[in-house]
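Residues per chain, in single letters:
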Amino acid sequence: MEFVVASSVGLLTAAGVYLMLRMRTFPVVVGLALLAYAVNVFLFASGRLTLNQPPVQIYEGPWSDPLPQALALTAIVIAFGMTAFTVILALVSFLTSGSDALDMENTDPEVARTPTKRGEDA
Amino acid sequence: MMSHWIVAPIILPSLMAPLLVLVARHDIGLQRVLSLAATAALVAISLMLATAAATGTVEVYELGNWPAPFGIVMVLDRLSALMLVMTALLALAVLVYVVGTDWDKRGAHFHALYQFQLMGLTGAMLTGDLFNLFVFFEVLLIASYGLMVHGGGKARLRAGVQYVIFNLAGSTLFVFALATLYGVTGTLNMADMAERARDLPEADVALLRTGAAMLLVVFAVKGALLPVHFWLPNTYVHAPAPVAALFAIMTKVGAYAIIRVYTLVFGPEAQVTGTMPGDWIMPVAVLTLVVGMVGVLAGGNLARVVAFAAIGSMGTMFAAVAVFTPESTLAALYYMVHSTFAAAVLFLIVDMVQSRRGTCALGVLPPIAQTGLIASLFFAGAIAMAGMPPLSGFLGKLLVLDAVRDHGGAVWVWAAILIGSLIAIVGLARAGSQLFWKPHAEGITDPGGTVAAMAPQPVGLPVAAVLALLAMIVVMTLGAGPVTAYMQDTAGQLYDTADYINAVMGRN
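Just so you know, the protein sequences line up as chains A and B, in that order. So for the first sequence, the numbering used here puts the first residue at 145; every next one is plus one. So for the second sequence, the numbering used here puts the first residue at 821; every next one is plus one.
So that you can see chain B by itself, here it is in the shape it has in the complex (with noise of 0.2 Å):
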């Protein structure tokens, strides 16, 4: 039986993005339940698909009733479900931290931007098309255009617009690509080209393997992968930091769209690209891991210093990305999902210092308001991002060291994770006592008078987004048997890729 709950992740958000823009423009109030009682119905949603795909099967929506690979399929595997559910608990904490600090109110249709966002996210990662990838793609980016400058000011703009031109050119190069692999195999469907990728002629396989390269490009600029990069320092710092807690999915998604193409299409058995995805991106992702950690040191404020741990964290990922292994995707899974929560918890924390200090540069201060609360908060955090014992951080690094020990380059990837970890924390503890610690010594003068300027803030609904995120995290690490346990699911469904080919292809 074909279950439309399904597309209902796609179809809820982009149902209620419109209905906030046309009903609820005037009012605040009714735009936020709305938004509110949406991305709860999807967490709802998300947690049912996530049980239903539990159970090893692969389930495929024909849109339009269109058998594939004619028709655009979406389908719901085990990495689908676990990639919604993550994105739903994101997405749901973050919007309850917007609406305790007023940020929507600060520009217009914050709500619906948000909720076209969230469709582009589940739609990209329950597609199984690649042309429909890159629409969806489209769809998050241009939401993602709108979030990045709500609010407005002169370096947000500029910030902006560099976002906006490096994604379009990204997704130029992603039509460029589509269109080789198209011209090669005759197919954009995912389980149809990964079965004629198999058979092809012996003079088209270097140009589908300029297509999967080129493919791997923009992936990699959607995962801020060195040298490719660029866009990510900027955008996260001058996004509204509640914003950028939202886009730690971002760079998710193209770690996604990676592990998704290049374990079914041009997976480890694929004779046309072999090991060419993991050989290229093995050594950027420790490069990505070091230029991340050292920039933590380097940061200057604490949004960028924030930024860059996202990057290393990016970096750690996809070392374990590049052994293409069932171990390895284990640990990149884990991994993902751990630095995601722990980004967000930073971002949103960025958010609370600066909106009770004025700044966020790592000077020496007056004392915050809540100053004790915040900074336990931003403890928890750090612990979590530079991957110290007791949180989750910890156990994802362990697992990616276990599964690159095999790989030829393994003595770089470690030396990279753990010297990496250790400037990490020292990054992250010089910020937090310049934030924290020093303003509490003697004889601290407040220039500006930023501080005394800065108008209350609200602390009820904030913090208990923020521990709502860590508390994710501490579920990771309590039940980390029960998750790795799936994510172990998860990574064998994506190497015994005949299940969702034949699924996809009707073959049952």
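Isolated chain A (complex conformation) (with noise of 0.2 Å):
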């Protein structure tokens, strides 16, 4: 068991990390996603890994490590929000820019040329 689990989180780890360094958002945010999940599980196997053992000692023993399983889940939320997040700030940089390469020139800040009202300036 150990070993799938490591040899997953190594594959996904990898298969993030390449699509990180396409360069263009959307394999840079899938990449993204894949790092989550290996880190995830990751987070999880830091507890140890063990089969049918409650997490809760009301039980009688042994437990497994509730703390993982519950820092997991913070990071899973974490990680499904920040995605959502770059999603949409991908596609609004990509509908107003008109490019998806992340990389960009050095070019001096927009200046809005005239006081504008509330949200109208874009």
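Some hints here could point you the wrong way.
If you anchor each label on the Cβ, the simulated ranges turn out as follows [what the hints assert, rightly or not]:
1) 154(A) - 824(B): 45 to 53 Å
2) 847(B) - 220(A): 35 to 43 Å
3) 231(A) - 1230(B): 43 to 51 Å
4) 1103(B) - 151(A): 32 to 40 Å
5) 162(A) - 1023(B): 26 to 34 Å
6) 1023(B) - 195(A): 20 to 28 Å
7) 242(A) - 1208(B): 23 to 31 Å
8) 154(A) - 1193(B): 56 to 64 Å
9) 1114(B) - 195(A): 56 to 64 Å
10) 247(A) - 1262(B): 37 to 45 Å
11) 1096(B) - 247(A): 26 to 34 Å
12) 225(A) - 1209(B): 44 to 52 Å
13) 203(A) - 857(B): 48 to 56 Å
14) 1103(B) - 199(A): 17 to 25 Å
Partial chain B-side listing against chain A, Cβ under 7 Å, derived [stated by the list, open to error]:
15) 951
16) 975
17) 978
18) 984
19) 995
20) 996
21) 999
22) 1003
23) 1174
24) 1183
Covered stretches of chain B, as calculated for chain A (at least 3 residues, CB under 8 Å) [stated by the list, open to error]:
25) 957 to 966
26) 1119 to 1125
The hints are simulated quantities; they were obtained by calculation from the structure and are not laboratory data. In this text, all values refer to a predicted model and were calculated from it rather than measured experimentally. Positions of the beta carbon are idealized from the N, C-alpha and C atoms, including for glycine.
Two chains, two frames, a set of hints: combine them into the complex.
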């Protein structure tokens, strides 16, 4: 079981890093999602791999470590929210600038010429 | 007695932000009043907590009354209090500037995001738990993503995507590091981990050291150390300039985390890491310093000049951090507070210049409105940033130079700091003369009519905000005695970890 979990974390990480290096928003977002899966499994495994053991101590021991399960849950929620945000931001950026490349020229910052009403400056 | 005020800097903005969204959504005036009041209250609370922390006791607040290491604890010591005061003062000045220039009207929910940002910052500075630190990092980051793209625009959105993705990669590495540390030590409470790291079986030491090294990379990303500083220039250049001024604190959060974790958990006495953190930080700090200062010369526009000056100042600061002695940490803290205010001043001036000029590129255009006033402010800010007398940048650099004197690579650090300062002076002077001095020569034309086309800008509140930040720098200079005395106690407390650990673990 350790071998399966370890190699799947390794594979997910490798695929995630490869996709992140593609420098286009879509593969990078997918790569980040894969990295998030990898890190969640890794986090879960940090409490040691156990089978059929309760995470609460009201039952007879031995128990599995409940903390990594709670941490993985937190990390999943954060990663999911961040991925959703990145997808939307990447989409808005693509629709505004017409490019999905991640690297950009050293341009001067844009300045709004006239004071604008709330929410209309884009 | 447990003081509930410790958690107030987190609760206050976290309650104010939803209130701003739910109640004051359609009324910018009400939003401003609430946001300014909350930030002013944050200043008051931080000063009160700093007074409490100055006595030298380490105050612990157990969330939900769960004792450490089972529950999450908020810990108030001198370092946390110092960071809180700095954050609150900076946030108030920047918020006054934002209100004065109507930046908050250029997109929705500026004030709510601002408060969430403050919540993340204060939380990260108070928490005594590593996973909780990760969560507060995420809170401050997601708020900063919103602030970064506030107002929209092509370049800003693309820079925003870069910033978000860079930081998400950093966060992923953070969780990898935390899982490694938890897998070895079985705890995430910093005080508990410090104890367990001391008597670790020989077989686990390598794994713990790997976790510590990964954590160092994560904090270096936040602190914009070479070679993981690449998120900073485009973010600071394309973010709304007042937001960039607030972001001056973001790099310091990374610095804070390094100082906290690598004195408390993996401190100089810890056998597992030994001198590893300092050995790694020192060379990259010097490189960061050099790259930053060269960038000041090569910036091409004022925003990029200031962004690279901020990188250079992080390099100077980390050179002092890397020595890991009480004296060097005192120097690092003093320079950190100084450079935060100096960078914020310069970013606000960037906004003043480009809102009157239509661009902040370093070409020669006709004089802008209020050119004398803004030039004077820039002059003061540049003197502070470059580290020339009489302002606190000079004292800060002097402290840093003194602190690294006994270090093996002192020659390199001295050379880098002194030559770097000279390059920074040249770069900032050149930028200033292009923007403020040369326009007064005869026969300057304005091909695009950009300067003439700019609407008149408000002067009162924005200038007051910049003057307030400059006043902090002056206070740090004139009051250098009391300020360094407090920081000396702070540094002393950091290296005497027993107090902190005993307070957290409830062994008083």
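Hint check results:
no., hint, result
1, 154(A) - 824(B): 45 to 53 Å, "holds (46 Å)"
2, 847(B) - 220(A): 35 to 43 Å, "holds (37 Å)"
3, 231(A) - 1230(B): 43 to 51 Å, "holds (49 Å)"
4, 1103(B) - 151(A): 32 to 40 Å, "holds (35 Å)"
5, 162(A) - 1023(B): 26 to 34 Å, "holds (32 Å)"
6, 1023(B) - 195(A): 20 to 28 Å, "holds (24 Å)"
7, 242(A) - 1208(B): 23 to 31 Å, "violated (45 Å)"
8, 154(A) - 1193(B): 56 to 64 Å, "holds (60 Å)"
9, 1114(B) - 195(A): 56 to 64 Å, "holds (57 Å)"
10, 247(A) - 1262(B): 37 to 45 Å, "holds (42 Å)"
11, 1096(B) - 247(A): 26 to 34 Å, "holds (33 Å)"
12, 225(A) - 1209(B): 44 to 52 Å, "holds (48 Å)"
13, 203(A) - 857(B): 48 to 56 Å, "holds (51 Å)"
14, 1103(B) - 199(A): 17 to 25 Å, "violated (45 Å)"
15, 951, "holds (6 Å)"
16, 975, "holds (5 Å)"
17, 978, "holds (5 Å)"
18, 984, "holds (6 Å)"
19, 995, "holds (5 Å)"
20, 996, "holds (6 Å)"
21, 999, "holds (4 Å)"
22, 1003, "holds (4 Å)"
23, 1174, "holds (5 Å)"
24, 1183, "violated (10 Å)"
25, 957 to 966, "holds (count 3)"
26, 1119 to 1125, "holds (count 4)"
This entry does not satisfy hints 7, 14 and 24, going by the numbered hints stated previously.
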